[in-house]
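**Student:** Take these sequences, add in the hints, and give me the full structure.
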Amino acid sequence: MSMPSNFKLVENFDLYAPKLTDREEYFCPGHRACQGCGEALAVRLMCKALGKDTVVTNATGCMEIVGSLYPTTAWKVPWIHVAFPNAAAVASGVEAGLKALRRQGKIADRDVKSVGIGGDGATMDIGIQALSGAMERGHDMLYVCFDNEAYMNTGIQRSSATPFGASTTTAPAGKVSIGNKTWKKNLPEIMVAHNLAYVATASHGYPLDFMNKVKKARSLKGPSYIHCFTVCPTGWRSASEITMKLARLATETGIFPLYEVENGKYRMTVEPRTPLRPVEDYLKLQGRFRHLPPDQIKVIQDRVNMEYRKLLNKVEHSKSWSEM
Amino acid sequence: MSKRIGIEVAVAAAEAAALCRFDVAAVYPITPQSHVAEHLSNIVADGRIDAEFITVESEHSAMSAAMGASATGARVVTATSSQGLMYMHEVLPIASAMRLPIVMAIANRAVSGPLNILNDHSDIMPQRDSGWISLFAENGQEVVDMMIQAFKIAEHRDVQLPVNVNIDGFQLTHMVEPLEMPDQKEVDKFLPPYKPYATLHPDKPVSMGTFAMNDVYTEVMKAKDAALVNSKEVILAVWKEWEKRFGRAYEPIEGYRVKGAEILMLTMGSMGETAAVAIDELRKKGIPAGLLKMKLWRPFPFDELKKAVKGAKTLIVTDRAVSFGGPGGPVAGEVRSALYDQPTRPAIINEIIGLGGRDMMVEHFMEIVMKAAKAGRKKRKEAYEFYGVREA
Chain A
5 MSMPSNFKLV ENFDLYAPKL TDREEYFCPG HRACQGCGEA LAVRLMCKAL GKDTVVTNAT
65 GCMEIVGSLY PTTAWKVPWI HVAFPNAAAV ASGVEAGLKA LRRQGKIADR DVKSVGIGGD
125 GATMDIGIQA LSGAMERGHD MLYVCFDNEA YMNTGIQRSS ATPFGASTTT APAGKVSIGN
185 KTWKKNLPEI MVAHNLAYVA TASHGYPLDF MNKVKKARSL KGPSYIHCFT VCPTGWRSAS
245 EITMKLARLA TETGIFPLYE VENGKYRMTV EPRTPLRPVE DYLKLQGRFR HLPPDQIKVI
305 QDRVNMEYRK LLNKVEHSKS WSEM
Chain B
34 MSKRIGIEVA VAAAEAAALC RFDVAAVYPI TPQSHVAEHL SNIVADGRID AEFITVESEH
94 SAMSAAMGAS ATGARVVTAT SSQGLMYMHE VLPIASAMRL PIVMAIANRA VSGPLNILND
154 HSDIMPQRDS GWISLFAENG QEVVDMMIQA FKIAEHRDVQ LPVNVNIDGF QLTHMVEPLE
214 MPDQKEVDKF LPPYKPYATL HPDKPVSMGT FAMNDVYTEV MKAKDAALVN SKEVILAVWK
274 EWEKRFGRAY EPIEGYRVKG AEILMLTMGS MGETAAVAID ELRKKGIPAG LLKMKLWRPF
334 PFDELKKAVK GAKTLIVTDR AVSFGGPGGP VAGEVRSALY DQPTRPAIIN EIIGLGGRDM
394 MVEHFMEIVM KAAKAGRKKR KEAYEFYGVR EA
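Chains as they are written, first to last, in the working numbering: chain A, 5 to 328; chain B, 34 to 425.
Just so you know, the hints here were simulated from the structure itself, not pulled from any lab data. These figures come from a predicted structure and were not determined experimentally. Each residue gets a CB set at the ideal place from its N, CA and C atoms; glycine is no exception. You may find that some hints are simply not true.
As the list claims (entries may be wrong) - Here chain B is said to cover these stretches of chain A; the calculated rule only asks that three of the stretch's residues, wherever they fall, bring their Cβ under 8 Å from a Cβ of chain B:
#1 60-74
#2 77-86
#3 127-140
#4 162-176
**Tutor:** As structure tokens, this is what we get:
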């Protein structure tokens, strides 16, 4: 199998990856994700970072469908799927069950992490109540949202994660519409407002950064949340071989910055070169943005600049908080 | 030794769950179930048993968290009512399909709209086909007994199904009743620790709740139906054992003064006690009336029903819910269907009673029976009647 030419997009990957990652696969080959699926890659990386002492609760969605067609399974860690809106609630029950049984000596006295996962629809829309409840209650669990910016499993319908200007099957670009008219909901910020021990954004375009964040979240007691950006060639109408490149571009343009918030303090974990690359470099590679005229691209550029500045301000301000 | 005490029934339901040493309770408060939720949290807060209480943010999450906890091998209890049960609806058939032996107390209450907090059975009836074992308690003692029996039935290896115990809201949940609270040692002997078939643990990883298409879905449904049908044998055995250990007998359909009864009335839940008083009064008047109290709703007790109605000329089925635009009440619909193939069967009258907390007094039940006695086998024009409805 030949590696795509953009494999080297990840600096020093050849050097570090074998040393820093588990060789064991917990989300195994043979699942039926699309070619170039960023989410399947991200899930695989997450599992490697979590290791075997993990129970995964999966919301209904692509990963559940492609990874578990009865009687097969791609999951080597214990895994449960119940429904679309309740992965966080089920995962909170898993945590409570394991905690009670461990305390009573009914299961091995070992730290097993409960991890809830879901797509942007399952997490940010239909499941936001269950997520908010589980996070607020302080369960010792991690929730990872794999955000590919629309309901991809049901056929590319818009979600509250869909970016402004993207054409989806329920927010289509048309004669009098530029497609999705709203700006992406900032769920990581909503999670920060829950006073979690740890909140981070991540991307499969930066695998080591993502895995380090998963490891950190796993090691901390209490609820933590990671919002992982995942490229969907099928839904974004992008070439499957540029999945990694698109993920890198999302960060390099400032559209999806990578940062972490530990006990309320913001820190950039990947500092893109400045000035940031123009958003057009990212948008033009995707069919979902193809219809956008230059004036709309400028609207997006202005918004990205503002949001990025706001984030840098938070990082800057956070520094002074530690002195308080 | 069991202790005879006076206790609010909702509190008694929580106490019964504590006697079963639940590991996890995930409950969202709703009137008239709230005292169950509160008392379960008290039991955990006082450290009376070593358990986790999850203060979920909704009933949907209550059942979801219950499923997650149950899947780890924990013994799990929850409770709800009315809108809460409707909100749970999505996940109920998943709990039974995944064979998670969760026990749920339901403080039965009318379903909105209009909003109404009082008792009827319109919350549980839409859950009829979710694949749960469904028990109906008549009084506080039955609530305590059934809550404990429910764990034993649910966790039996041949069953592995969730069980709901239906407790009429207010009429039963909020009554302070004299009852015998079983002793912890006796309950421990009756109910051994839960031995799950498979659990979510890395020592033996499994995938639960996998995606299944048309090649196996039918088989899964057949298996679930068979599990429900076959659970009756276990339920009967558990009730036999209960009678031996605790001296109180349970039957899927309990008869009251059925000997020589030409007119039978069938009730579910707490109204059985009022109806029984009515039967006594009717017998005094020389009317050959008897009462059937259905305790087991799912699996449906076909054989017991057929046997119970043998010889009766009229069967009055009371319903506390409406199947709108359908056969009247859901219970009558099922009873008619169950008796259709019988060579001889009683005339069936369906009375929809006690909706949204509408009081049913002894004289009301008497009126219903006397009207039926007068009509004899003459067929009614309507398949069902909203008893006592005021019409302009």
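**Student:** Three residues or more, CB to CB closer than 8 Å: is that satisfied between the segment 127-140 of chain A and chain B?
**Tutor:** Satisfied; 6 residues make the cut.
**Student:** Examine the segment 60-74 of chain A for residues whose CB is less than 8 Å from any CB of chain B, and state whether their number is three or more.
**Tutor:** Result for this restraint: holds, n = 6.
**Student:** Count the residues of the segment 77-86 of chain A with a beta-carbon closer than 8 Å to any beta-carbon of chain B: does the count reach three?
**Tutor:** holds (count 9)
**Student:** For the segment 162-176 of chain A, does the count of residues with a C-beta closer than 8 Å to a C-beta of chain B reach 3?
**Tutor:** Since three or more residues must qualify, the claim that chain B covers the segment 162-176 of chain A is violated, with 0 doing so at under 8 Å.
Going down the numbered hints, you'll see the structure goes against just number 4.
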